[in-house]
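Chemist: Can you make the complete structure from the sequences, with help from the hints?
Residue numbers (the working numbering), protein chains in the order written: chain G, 1 to 302; chain L, 1001 to 1198; chain C, 2001 to 2372.
Hints are computed from structural coordinates only; laboratory data are not their basis.
Values in this document were obtained by computation on a predicted structure and should not be read as measured data.
Check each hint, because a few of them may be wrong.
Think about it this way: if two alpha-carbon atoms lie no more than 20 Å apart in a straight line, the pair counts; the simulated PhoX-like pairs of lysine-lysine are [said to hold, decoys possible]:
1. G:Lys173 x G:Lys156
2. C:Lys2285 x G:Lys173
3. G:Lys173 x C:Lys2355
Sample of chain L residues lacking proximity to chain G, with all beta carbon distances greater than 10 Å (derived) [said to hold, decoys possible]:
4. Asp1003
5. Glu1013
6. Pro1040
7. Leu1049
8. Ala1055
9. Pro1060
10. Pro1068
11. Ser1069
12. Ser1086
13. Lys1103
14. Gly1115
15. Gly1124
16. Asp1157
Quick reminder that beta carbons are idealized off the backbone N, C-alpha and C, glycines included.
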Amino acid sequence: MTVLDVLPDAATAAVLDESSKREVRRAILTAIAIPGYQVPFGSREMPVARGWGSGGLQLTLAIVGQSDIVKVYDQGEDGGVNAANLRRLIRQSEGVNTTTDPREATVIQTRHRVPEDTLQSGQTLVLQVPVPEPLRGVERDMHELRRMHAEGDYSKMWVSLYEDLVRNGVITKTTGYPCLVGGRYVVATTPIPRWDVPPLHQAEFLSLFGAGREKRIYAIPPHTDVEPLTFDDVPFQVEEVSTPCRCGLVVPDGDRQSYQVELPQQDGSSIWACSDTDWCSRQRVGAGLLDPATLTETEVEL
Amino acid sequence: MMDTILRGQASQEVFDTFMRTISEPGTLRSLPMHHELGAPTVAWLALALADVDVAIASNPAAQPGGNPSLSQVVADATGATVTELSEAWIALLDRPTPGELAKLPRGTALEPELGARVSIAVDGLASTPRDGWTQVELSGPGVPGRRSLAIEGIDPDVVMGLGRNSGDFPAGLDAWLVTPTGQITAISRSTHIERESN
Amino acid sequence: MGYVAAKGGFDAIRAAEDLVANTRLEGKSSWLDLDQIIDRLGYAVDRVMGEGGLWDETTAARAFRQAEGDVIESAHLVRAHRSTLPRFGTTDAVDVDEIDVMRRIVPAFREPPGPQLLGRTLDYTGRLLDTPDEDDARRSALEAAAARAEQPAVDVTEATSDVRVPGRLLDVLRQMDLAVDRRSNDDPEPADIARVPARPGAPRSAVLSTMARAESGALVALWYRNILGPDRNLHEVTLGEVRHGRLPVRVQHPLIDEQVEIGNVRVTEVEAIEDLDGPDEDRTKFDVGYGLTFGHNERKAIAMANLDIALTRADAGSFLEQSILMTTDGLDSSGFLEHLKLPHYVTFRSMVERKTVERKTDERPSTEAVAS
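Modeler: Written out as structure tokens, the structure reads:
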């Protein structure tokens, strides 16, 4: 199957009809009004499989207009195949412009990362969510899960964190770290790394989370508390980032580094690279390490 | 008669305004008024969001002349169902009484999404105090610290019946206040409201 | 426009699409027509319609061809296509007693009221692989078709109209006072699972809709798990009705405000009888589960009817409802399974980091921060 086969008239065809967009929009408003609450919605089947960003895609298609500029990236990389596929689909369906630069994007659809750049007021971050239920690790029964959220009863989660700490000496939760939103609802932070959790707290921007397969939408409005669950004497830890990017970029001490991914080598050693490829390129150009003329343009015009 | 159907791009732009205002309660924005609609601004929330799956209601004050009712105008444009306030998914209210507000569904802790979305017609909105207007301070999600809001043409008890004040959160009402000229603000159910005397 | 080269992924997708198109569209054989698929691969078309939740043989055949015979992929194409179509309204509910059967068997009785009508079925065809000479087979098929065309047409409607719309076994059981009566009015308007996600606590109509649209293999597996596996919610099932037939589709005419029939759909319908033997159950009675799905798909309808009654009887705290509602949709399970192929290196890096930190912690002399 290809996307073009699904779109009979690729230039103008909409993947979601107006009524479906309205349903997603209604769920978005409720999600924003009740920060962190997972609003059920009648998730439509998209031209991409469930689990491949169908929830994020429905959110983006529902909120964008012709003046919007959309960035889509995956693992921090604009060039990845899934990001490229979704970007093409959004552009063809809604006729919007796309970019790789998060500073000029009005809507940023992402899988597993928050941009290293600080996003601004008026921008919207759309996160693709595979598993929206933060408590699934401690409770499988959906009746009980709903009760726990309804009553704000997160004791099982706290017990689980405490046992983790006692057994392992640290909290071993990795990505999708559970956070309390607006002092009321515990959410799953998609699976973004812990590195990306602090930028969500009291942010200038709106975050929308879309879980297409599980048919849930939730939101974090701007200026809303996002507190990682941890104990008073055990500070929340982001991933340790100590090695500079292979690009040679050295961020001055005290400045925020960028999230690094490991590139294991045949000889057992590893080199490291910035996960956020657009950010990395811009820093290198700024530091004189990279000639912008050597960079290929994006596929925007293709 | 002017068209009452919001389509495509216009529908998205109007929705975007509602989304931005509920994201930051108490901020003042403007509806994109270049879309000339044959319905008052208080109806736009429903014109942008309703379809055959949505039940809407309006109060008598929102339909001067009374026939057809405002909710019927919206229903004709969107395919929505007209219903009573107590069953409304979207309510369109002009100068609502606290009694009318109390009729609206608020949802439950298990299903907070069943709480109504309310569009309330007011005479004026301002971010600084005005003589004779209802003056409130808002805080909570979407509000950095506190934000003041002055409203003209609303029963103060109605304002205090919005937001998180009634203590049944996450049940509640999500409200947009809109002037005839399209100035708009929002008070979500998670907003704390304090009344300021002036 | 940004700095970074985002073109690589796009080029790779284009290349993959070319490879797909090469074999599917050009191929080495002649063009595959939609009527061939509808005509000769009917069970596949029916499965796609059932799992896609859309009755249209041509659309299903188109999807099946595009998906190169992958049923779940075909169902995905059908449902994604449906997402782009505006909704004009809903059909009126029809009484399934109006079903015009092409096949009907009642295993529970030798001679039930109404016919035992074997109809078209693979049940008793020998499972021997035909290995004829292709040219001979083609020639004899043409000859058989020609001979059939010369025979006088049998008027089936006149002679058999009453037995083509037989009463159902549940009514017989009710007359014999052998069935518990669970009829209620608490779920009058069928739930629309395309609009309102079905989750535990959903009405029975939502559970039935979910199963009608479920992946056939998933339902059969869940059924078997309840027979042989750890769940054991099924006990002593006898089939009352197994039917394949046509049901009318009716809508309210938007202009003349009258009900009009706009066509019909083929469905498979099953009633499954369970012997009530639980401590709180009426041991003198049976109870009946119901299954119905688009097209001819008896495996699926039987599994559905069995699971319906199993769910009615399941203990509080059983996970059967959640299993049916949340794990039987083919698009959900396959989509999530296949998404594991997407890059996960950002999350994997985070996991590796915690292992490293955990090891450092293990090497520390004590964990006093924890003890406090």
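Chemist: Of the hints given before, which are not true for this structure?
Modeler: 2, 5, 7 and 14
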